[in-house]
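One letter stands for each residue in the lines below.
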Amino acid sequence: MTSTTSRDSAQKPRLLESRRVLTLILLTAFVWSLLNLDWTTGFIHSGGIDAMGEFAKALFTLDLSGDTLTSAISASWTTVAYAVAGLTLALLIGIPLGAIGSGVLTRSPWLRVTSGGGTRFSLAFFRSIHELVWAWLFVAAIGLSPMAAVLALAIPYGGILGRIYAELLQDVPDAPLRSLRSTGASEWRVFWYGRLPMALPDMLSYTFYRLECGIRSAAIMSFVGLGGLGHEIRISLDDLAYHQVWTYLLFLIGLVVIVDVWSTMVRRRLSE
Amino acid sequence: MALLRTREPETLYSAASCSVSLAAVSKQYGVKEAILPLNLSIDAGERVAFLGPSGGGKTTLLRLLSGQLETSTGTVCLCDRDLSTMPTGRQVSQLVGMIHQQFDLIPNLSALQNTLAGQLGEWSLIKSLVSLVWPMNRDIGLSALARVGVEGIAYQRAGSLSGGEQQRVAIARLLVQDPQVILADEPVSSLDPARAGEVLQLLVGIAEEAGKTLIASMHSVELAREHFSRLIGLRNGAVIFDLPSHEVTEDMLHDLYNLQGLRSET
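As given, the protein sequences belong to chains D and U, one line each in that order. With the numbering used here as the guide, the letters of the first sequence map in order to residues 1 to 272. With the numbering used here as the guide, the letters of the second sequence map in order to residues 1 to 266.
FYI, nobody ran anything at the bench for these hints, they're computed from the structure. Nothing here was measured: the structure is a model prediction, and the numbers come from that model. Just so you know, even glycine gets a beta-carbon here, dropped at the ideal spot from N, CA and C. Among the clues, some could well be false.
Stated by the list, open to error - Partial pick of chain U residues on the chain D-facing surface, computed with a CB cut under 8 Å:
(1) Ser21
(2) Gly97
(3) Leu129
If we strip away everything but chain U, and leave its shape as in the complex, we get (with noise of 0.2 Å):
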């Protein structure tokens, strides 16, 4: 129960933010090892991001993170609680939420509908049915939408807006689902650069405010050095460094996306 919180819709969001830590996690696709056994810990209120290149175990690990993956050793805790033994569905979407580099609204659906969907795991079905006719909590939808800048857009169809546009109501929707952990899977990457730049500022400086734990993938590794205070370079399934971003040099993000030192490791 100590899960259940309450929250005003003016303040938005709650400050409550947790670790993440995870033991001995190893994960296996048939016989392909995606993650190697790897122990790691995250602070509360902490922001990572995890570089290196494709195929490496970014997405993996965050899909383990989410719980939308089970580990084939060890364990994921969140909050000190173990992921696997909580039920999915519900408590696990207040520990931890999720954006993607697609988007994944629902086309067509308005920009508030999409918004106010972050709040479907504590709504009854009832509420919810009633909410696609007309919008319920709609304060907490459109306050939402002006903290991420398009509360203009509120009533559009989103399919119909700009992928940066998209991108910031898939960030309202998460503010409206208002998880203590966020997990974002390269959230700027289909985002053209000024776009991807202005969008990561809103992302990060919004776990920030609250204080929430942000754990991302990125392409770019400029972005991540800007926004992000620790790095983490996986490669083949293995953490390659796990350091605060002014110590990361170039000689460790040459070694890491070096396909020579790629090909030898396979």
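Just chain D, same shape as in the assembly (with noise of 0.2 Å):
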């Protein structure tokens, strides 16, 4: 006995020093990586320089020209268009997983280890493939189609909804479900009254981060030639014309602050 209280006690100092040692390993690493950079040969190539100089300049030469204006937007819809519709698959994939996932909806222990574990397994498969890999999967299984966009979209999106969502209603205050539990409401019940309104704002606000996040994918995704901001983006650089480049980004970081705003508002009517 005496034994295992003594090591007990050496434990703690221990873990300490092992985290020094594996901060210093990772620093020498970084300093190291450093010294193997070829530094006389240029860090940008040349001409690199004159080409940022460049694309800094364009900034104040938009190209604000009608036909620009409306490929930006129609870019700016179809962008658009193909986040909404992946999010709205990703939670048809994301909620009833996550809830499943979380181990809830039931009080056998049994249950909960199989099937949260099967669906916390295959969310994770989901989302560990990134939506561009996915994407190249659909182009090739399915062609060029929006349908390729979407669903590359929705299935690593529905992974990570799913598994943030199990971990917001496993988070739930408890004592206000085991009152809820001593009206003789099932787990069934316990959810619907319980944990997901109390889990509501948390999972709505980030689901809102996921559509900015979705549209930041849609607009890269479009560069597979998908249509949308990224396609256009691509074209105008293999153009070299910046102006056109700067006026598609400013669309793209628009939308964006357009869903922060729109989150926001909704958060705010959710907690008066």
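Using the hints, put the two standalone chains together into the complex.
This is how it looks when you write it as structure tokens:
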């Protein structure tokens, strides 16, 4: 007995030390990687500085011609449509799988482990593959159709939403739930009357954040050729038409800001 | 099946009430004796308060009575039925209901929804879900809120209400649940003194009116003496006294809370 207690007391400082050792290793690796960079031949390729200067200058000579604006608006619309459709499908995946994966719908420990574990595994599978990889897979499978973009967004986002929802549903304060149970409510009713209402504001604000990410992802995904802001940006970059690139980028920033303002408004209304 | 009742909306609650008895009940947490073996019987319609220092066993005893905790030895009987043999959930909820110091409402639901949640054990899942959007049996909920004097805030979020209002809504939920025995764990300890008196008066008044058995743990000796007919002093998991309120003397209360005594016993 005495040996275990002395080991326990020795555990703490040792843990701290091992953490310091890890920090040291990481720092060393960082410094070593810096030393290994080839600084002599130039960090940026020749003409790179000029290109960047031109790119920065282009911000002040934005292309606001009718043609560019129309194509920016229509590309923005495509991007938003992909993001919203993708996120809607992601919600259909994330809400039920998150609820099952959180294991809060049943009191049976056996069911909790099997259904919860299985669901969590599939959620992990969905989100561990990046949306660009999914996009590539779907484009290969069904060609350059909007469906490919929407599915490519929906699957990893469903995995992420499901995982976060599961955690939020688990982390709800327990006392109000206990008093619901004492009215004879089953776990399903406790879910609808206690867990979901209490977790909803956080779930909603996370969903809005994901919509923001979805817009960015949808823009990037259209680099693959699926239409939208990313597609336009790539074409303009290929033409070295930086003033057009900036117009599209500003539209992208605008979309993200609009989602941000909207989510703030909704959250304020929920918590009033 | 004898436990199933029918209820008219206008009467709000049934007049059913029943006795509580504990036979050789004890509770241990690991090696700690939370409740030493004790026998206790409480008649239908009685109003009993547990008094005593924190950690004396008041809350543990209430949780044993509500079936939230299992006894280490002995049996708890509600309405002459062994609590441990009853399936948890719906049947128990018709016999015993509990309110807590911290109200424990769902903050994002309206006062009315919280009140109606008292019927969740009786509703089908479909009815419960529909009721989230369109409250069902609204009249029962509203008359329960009216009975506790807060019908005006029926559609406000529970989280936005004051402490006193929240505890009234919790009492309204209990009315809707309509158990035969009401357990109250320090029901007014988190309210200011004026509000505490009012809310306790309300709780006791309702129990009296419907003839319900009311068992509460109380922090305030004065309020307990004023509102309860029988006082039970608990310390270190043992009953120190069990007397009608008017027979409890200052000396007994002094001994109950005396720190010196506590130290010598532990």
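Verification of the hints:
1. Ser21: violated (21 Å)
2. Gly97: Result: holds, 7 Å to nearest chain D Cβ.
3. Leu129: holds (6 Å)
The structure shown violates just one earlier hint, number 1.
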